[in-house]
Amino acid sequence: MRAFWTVGLFFLSRGLFAQEAAQESHEKFDTAVVSLLAGRCLECHGQSDPAGGLDLTSSSALQRGSDSGDVLGKTWETSKLWEVISTEQMPPKGKLTDKEKALLAKWVSQGAHLPDVPIDRLGISSDYRAGYDWWSLRELGVTQLPIALGQVQSDIAGGWPVRNLVDSYVLAKLRSSGLKPNPGASPRSLLRRVFNDLTGLPPSFEQIQAFESDPSDAAYASLVDELLNSPAYGERWARHWLDVVRFGESDGFERNFPRLQSWPYRDWVIQALNEDMPYDRFLQMQIAGDQMQAGASGIAAAGFLVSGVHNTVVGSSDRMKRIAVQDELEEKIGTMSQAFLGLTAQCARCHEHKFDPISSESYYRLAASIQGVSHGEREVIDEDLERLERGLELERAKALTQLREFEQGALQKALGDSSTSEPPASEPPASEPSNRQSGLQAVGLIPLPVAAWDFETPATGELASGEAATGEAATGGTNKRIFYDTVRGLAGHWRRIDQTPEAGLAPGEHAVGLVLDGKSYLETDPIDFGVQEKTLAAWVKIDPLDQSGGGVLSLQTLDGAFFDAIVYAEREARQWMSGSNGFARSAPLGGPQETLQRVHIAMRYRADGTIEAFRNGVAYGKGYRTGLQSFQAGKSQFLFGLRHGPAGGNRLLTGVIYKAVCFDTALSDEAIAQLAREPQRGWNLQEAWTKLGESFAKQRQAYRGELGRIDRELVDVKASIRKRIYSVVSNASVGPTKVLVRGDVYQEGAEVRSGGIDTIGGPRGDFGLAADATDAQRRMALAQWITQANRSLLARVIVNRVWHYHFGVGIVETPNDLGFNGARPTHPELLDALSQAFLDGGMKLKSLHRWIVTSSAYRQSSRPREDGLSKDSANRLVWRYPVRRLDGESARDAMLWIAGVLDRTLGGPGYVDVDYKDTNGTTYYVPKAQEPAECFRRTVYRFNPRCERVSMLDVLDCPDPSATAPKRAMTTTPLQALSLLNSSFVFQMSDALVDRMDNPQQADATIAKLFRSVLLREPTDEELSQSRALVAKHGARALARALWNSSEFLVLD
Amino acid sequence: MNGPELWNRRGWLQWSQRGLGATAVLALLAQEGLLGKASANPRSVARPQAKAKRAIQICLVGGLSHLDSFDYKPELERLHGKTLQTQEKPDIFFGQMGLLRKSDWEFRARGQSGLQISELFPQIAAQGDRLTLFRSMVTQSANHTPALFFENSGFEFNGFPSMGSWLSYGLGSIAQDLPAYVVLPDGRGGPNGGSSNWTHGFLPGQYQGVVFQASGQPVRDLRPARALSEQEDRDTWQMVDLLNRKHQAEHGAEDLLSARIESYALAAKMQMSVPKVAELEQETQATQQRYGMDRAETSDMGRRCLLGRRLLEQGVRFVQLYSGGPIAGTPRTSWDAHENVLENHAAEARRIDQPIAALLEDLHARGMLEDTLVLFTTEFGRTPFSQSASDVAGPGRDHNRYAFSCWMAGAGLKPGMAYGESDDIGWKAVSNPVTWHDFHATVLHLFGIDHTELTFYHNGIDRRLTNVHGEVIQGVLS
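As you go down the protein sequences, you meet chains E and D in turn. Every letter in the first sequence is one number past the one before it in our numbering, and letter 513, counting from 1, is 821. Every letter in the second sequence is one number past the one before it in our numbering, and letter 213, counting from 1, is 1312.
There could be a bad hint or two in this list.
[Claimed, not checked] Simulated crosslink set (DSBU-like; lysine-lysine; CA at most 30 Å straight-line):
1. E:Lys662 x E:Lys401
2. E:Lys336 x E:Lys382
3. E:Lys1179 x D:Lys1345
4. E:Lys1225 x E:Lys1031
5. D:Lys1188 x E:Lys488
6. D:Lys1368 x E:Lys1236
7. D:Lys1375 x E:Lys1236
8. D:Lys1188 x D:Lys1527
9. E:Lys1236 x E:Lys1225
10. D:Lys1513 x D:Lys1527
11. E:Lys1341 x D:Lys1368
12. E:Lys629 x E:Lys1225
13. D:Lys1345 x E:Lys1341
14. E:Lys629 x D:Lys1188
15. E:Lys1154 x E:Lys481
16. D:Lys1152 x D:Lys1345
17. D:Lys1188 x E:Lys1046
18. E:Lys629 x D:Lys1513
19. E:Lys943 x E:Lys1031
20. E:Lys409 x E:Lys388
21. E:Lys336 x E:Lys388
22. E:Lys481 x E:Lys1179
23. E:Lys1026 x E:Lys1046
24. E:Lys1031 x E:Lys1046
25. E:Lys403 x E:Lys662
26. E:Lys1317 x D:Lys1345
By construction, these hints were calculated from the structure, which means they are not laboratory data.
Isolated chain E, as found in the complex (with noise of 0.2 Å):
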């Protein structure tokens, strides 16, 4: 019997079983009752500070006696030990078994023995608690397989193959309970199955017909491949992450401001699982990202320690502060440890976890190790993108001169033959000096502008949109128009603030120019180019002269927060004036009061902020020096006839512009005394350019094309370069951890270094880090640690989880908690099989994905049978494939997919399907009463606040994202039916799918489409005239409503 205490201290002070033992009746007993006084008794009567001074954990202790003398006795019977567990005052809640009374009874009789070493409380598991050697903290004990891969259960119709591990476990599994399988699905619930499991998206009819006419292991295997590498897949399993990890745009309580910059946690989640990224790492930068890899990506994947709850309203006291404190502290505690170790640490918060074997020491090590986080927006500059912006400014600047170098040359001739007024369009480009010469002559000192408009000529003014303005309907009154600039056909829509018809607007007007009624204006797209200095000039009829406050040529950022504009009178009754956002760069000139009609007015702003006005190409007034306003690429627009936007107000204009352009140079006085004198020459190029014919249009398009090109990349590089990222910001300094005696914040006990849980196997839970450790130094530690501790409960968390998404139930079936709490696995070899493949493999979660898919076991039908209810009801053993209705956003999503109207693009800022007002400090958000079309993306990009959603993904059971969600309710309730009958999307999506395949002459032909499109498949002749009669008298619209409310769309067998 000794010889086992030697060896069981060794495990019970270790965390570690002997696997062989000599004496093993001794030790089972030995075993039970360590178990049962570490379960019922050593709470209390623990080695420090034991209840009435009785230590029960080491026989020397035990000889001591209590407080109140010795408890052995002379005789068993008599001894104290005794009388308080045969009269039942100990335990003195929940009484023992009899079982448990007579082992207890045995044990005294025999001596009372204990181990001379104090029993650690947590080494051993008991029917109470569980201790280092609870099944899941254990390695991995992998099997043989069961039965031999290859072999097929040949009683069930079609074969039941063995395909690979999964169904050798499950198959044994199955017999030994005296049932079957299922035989295989048919080819359309499988792809439903499987496409739906991996990509949260429908097939379509047609890839199940081929299916159906090649339904073997290769073309099933090649379909998985195609389905996991699409990436879809991401989107899919990023869904299943983000519930786990409580991913949430808004802070919650009080205030529940929204984040509007944590979408790059999301998208990271999503590249990372479409990457096969290995799991540990999945986790480990999920923790330490920001310090594992230099920008964004980094960044974005440390989001997860910030992405749940967050009090901005503490209050003033100390206490409301440290205790706000402890909460956030205990919510990323609990969140990681269960999503990431299927352990529930945050229960250690008050009291050692009184069911797993976690200290609060444990706990506080955690509290350290992430104390240093606090949650906020960090900018990041992404130095890949920043070198590609310099250099595509480098190439710019090339492509820039090329093209000015080309077109000035040829300008010069051009304008060269047009002083001649020689020779005709066709003919080459003559390059004789003296027209070069003459060419300089005309265009004098006038650079080429980036932007012009002549309003009063068809062929470069509105008529050169003449398809537009052709196709378009009429709406309200006005008319489509489109006007293009000159110089690169930058498009500007013409705009009214009201829906009052056109004022007079004749056929042929728009030939005497652009003509605004004070309640129109033209309003460009955005320009690619980027303006610093300036010309803005223009022709214009001020008409009457006595309004006020109109613009005539503005360039505005896209929001009109910034702008400099040619204004007419907004503060001097008819002057002229730089108008500007605010009045920050605006003075009064001092020119004459306007008192012609028609008018050549410019402004020049020159790069040291001067600022001065022309009119009729003479200095107008006094210049004056201010700021120069720049105006970006992708985000700045030119205005006619509004001031700036949004339009109201006193700032649109009455009259006419025949002409106007802009230079982004400052012109010389000359060239604008030029400009002001010739309107048709010099900067009109569209004449110019028609003049030198094809070849030339050809060459200058070749360079203009290569410029737009790299202007649009650089948009795009410029906006993505600077990106705020809601994510882990690391406090200055991080204080000292003290564990908290019960929790209570005023109870300081011993002081802690940033750690782990030092119970659970692997490395020492201390990191061995200084007092005064950076937060990147605990983080990075930590991130090392929580994946290297036990590698087997690593493992069996993360393959218990998948096998839950694609079975709807786990192995386990409580995916955040392998702990005493949790449940048991059904079927713990096939567990630890998968985990250790899963391991081996690299922890890549597609191999994993493919070895279910592909086994028998998953793709047996649904079926229920008779002997299988009756049996196993709950299906624990796989006997045949769970009935399962779709998620919320899988129903969703597959509506916009078979509707055609799904925008597939990836990543990004979400949709929004809230409206959200800040009320006095707290932010409301009222889900959108119809969603736009701007919502119609995959669910996993919605903007998810933590708030009431639009009722669908509500009553579809999509978790609130207050706490991690491992699982989801699957509810039926009548609140559901109404939303999918009556809630605007469902209409939404009715008319969307037979807008694409309606064709009212041909009933049939539309009831078979939607058939195909929605169910996959044709309809049967009842349902056919059923539909019949449906579409006859209400459309085809009522029929694909009653299809999207079809158990067969919504549920997957």
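For this one, chain E is given, so just place chain D on it according to the hints.
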């Protein structure tokens, strides 16, 4: 092969967990003789001695001053303008401690019971003999949203099921065609935290509070979002039914498929019963007036109290009304009287005093008070000292989590009594302090439910409304 004969106990539980809003888990278990504590989850046991069948809760958002309403402190009159002698740094919100301040309202002994209630609520006070006052409430947070969450769910955080959700989970709805748990927010807006206050949390979704809206459709998606003919709607439903029955027939015994078919049948019933219950115009003119529907300041609460009574009558298990909208802002639209208790509380009380008194009377007159619980609650009280400079007795009061008052009325309670006491100035509860866990435990008890047994496994623990705390307050039970 179809029908319940194939559903063993497990099947029942699964069905009920993803079952219908109107499904009472306990009722199902009881029908099947399956009540027991063994391993079933949920494992609450309905007790035969249940006194309450339904409840209506009025939540005062922002923190009602107990000192000016239900907790009479003559000592404060004597100490008015004096300093609170304390070394303590109290846990209040803004941290400004002014001088002690007496009540702004006169208190009087009411009815047979002689309960002291102030003139802030003259009409409720007139029914003092029906009330069971709790004058020793305490809570953990002096911060609105956590305190409101705590009041609703027993936890200070987002994501825990509210009491209404627990009750619907445990007991289901009495009516098949109405939700078990209905929420009627203040017409001026939802409380801070919005729907998190009536969330089902980790319980299945059908236990969430269903908001009845004041305008538009009473329940969202009750009617089609598009204008279409009754005929088209009916024909479409019929097509759905046809498709689903055919599909089910091909599949055999599949409870999910049967449940889906039944959910549409219940939805159709709801379409009838919801508008009907919301037709307040069916009530007599006198009733409408009694509830204050005819006056601007009382009409919002009056309508909601009357609707509440009608909902209860039709079988809704739990109705929750809010008095007070968003917390911050000027003028305040809640009870958060930091600046001026007299102005703020007078205005807020005028909105609800008459309607609530009418509700009590009406429930009594209809004999419903016998088995209906009326709860009048607020997240915390207000300080006996003013929120002002330390040498001023200003007009406003800060949050007080150490003592405040709530009341219950109706089923199974001793009426006309006050339970517990705060100290002489109403700063801290001194005798029989009552926590929210105790309060919740008592409510569940009145419904015949042992609060320690109504549980749901979530993330490592069998969760309860009362966390690991809570004692039923025997002293208030009849």
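Here is what the structure says about each hint:
For the proposed pair Lys662 (chain E) and Lys401 (chain E), the alpha carbon gap of about 14 Å is at most 30 Å, so the pair holds. At roughly 27 Å between alpha-carbon atoms, Lys336 (chain E) and Lys382 (chain E) fall within 30 Å of each other, so this suggested pair holds. Under the criterion of a C-alpha separation no larger than 30 Å, the hint pairing Lys1179 (chain E) with Lys1345 (chain D) is consistent with the structure, at around 27 Å. Between Lys1225 (chain E) and Lys1031 (chain E) the CA atoms are separated by roughly 24 Å; this keeps the pair inside 30 Å, and the hint holds.
For the hint pairing Lys1188 (chain D) with Lys488 (chain E), the CA-to-CA distance comes to about 70 Å; that exceeds 30 Å, so the pair is violated. Pair hint Lys1368 (chain D) plus Lys1236 (chain E) holds up; C-alpha atoms about 27 Å apart against a cutoff of 30 Å. With a C-alpha separation of about 27 Å, the suggested pair Lys1375 (chain D) and Lys1236 (chain E) falls inside the 30 Å cut-off, and the hint holds. With a C-alpha separation of about 14 Å, the suggested pairing of Lys1188 (chain D) with Lys1527 (chain D) holds against the 30 Å cut-off.
The straight-line distance between the Cα atoms of Lys1236 (chain E) and Lys1225 (chain E) is roughly 13 Å, inside the 30 Å bound, and the hint therefore holds. A threshold of 30 Å between alpha carbons decides the hint, and for Lys1513 (chain D) with Lys1527 (chain D) the separation of about 24 Å falls inside it, so the pair holds. As the CA atoms of Lys1341 (chain E) and Lys1368 (chain D) are separated by approximately 25 Å, the hinted pair is consistent with the 30 Å bound. About 27 Å separates the Cα atoms of Lys629 (chain E) and Lys1225 (chain E), which keeps this hinted pair within 30 Å; it holds.
For the hint linking Lys1345 (chain D) to Lys1341 (chain E), the alpha-carbon distance of about 22 Å falls within 30 Å, and the restraint holds. For the hint linking Lys629 (chain E) to Lys1188 (chain D), the alpha-carbon distance of about 14 Å falls within 30 Å, and the restraint holds. The hinted pair formed by Lys1154 (chain E) and Lys481 (chain E) meets the criterion: a straight-line CA distance of about 26 Å does not exceed 30 Å. Straight-line distance between C-alpha atoms of Lys1152 (chain D) and Lys1345 (chain D) comes to about 40 Å, which puts the hinted pair past the 30 Å bound.
Distance hint between Lys1188 (chain D) and Lys1046 (chain E) is fulfilled; the C-alpha atoms sit about 23 Å from each other, no more than 30 Å. For the hint pairing Lys629 (chain E) with Lys1513 (chain D), the CA-to-CA distance comes to about 40 Å; that exceeds 30 Å, so the pair is violated. Restraint check for Lys943 (chain E) and Lys1031 (chain E): the C-alpha separation of about 16 Å stays at or below 30 Å, so the hint holds. Taking the CA atoms of Lys409 (chain E) and Lys388 (chain E), the gap is about 15 Å. The hint holds against a cut of 30 Å.
Distance hint between Lys336 (chain E) and Lys388 (chain E) is fulfilled; the C-alpha atoms sit about 26 Å from each other, no more than 30 Å. For the suggested pair Lys481 (chain E) and Lys1179 (chain E), the alpha carbons sit about 13 Å apart, so the restraint of at most 30 Å is met. About 46 Å separates the Cα atoms of Lys1026 (chain E) and Lys1046 (chain E), which puts this hinted pair outside 30 Å; it is violated. Note on Lys1031 (chain E) and Lys1046 (chain E): the hinted pairing is violated, with a Cα-Cα distance of about 37 Å set against a maximum of 30 Å.
Restraint check for Lys403 (chain E) and Lys662 (chain E): satisfied, since their Cα atoms lie roughly 18 Å apart, inside the 30 Å limit. Taking the CA atoms of Lys1317 (chain E) and Lys1345 (chain D), the gap is about 20 Å. The hint holds against a cut of 30 Å.
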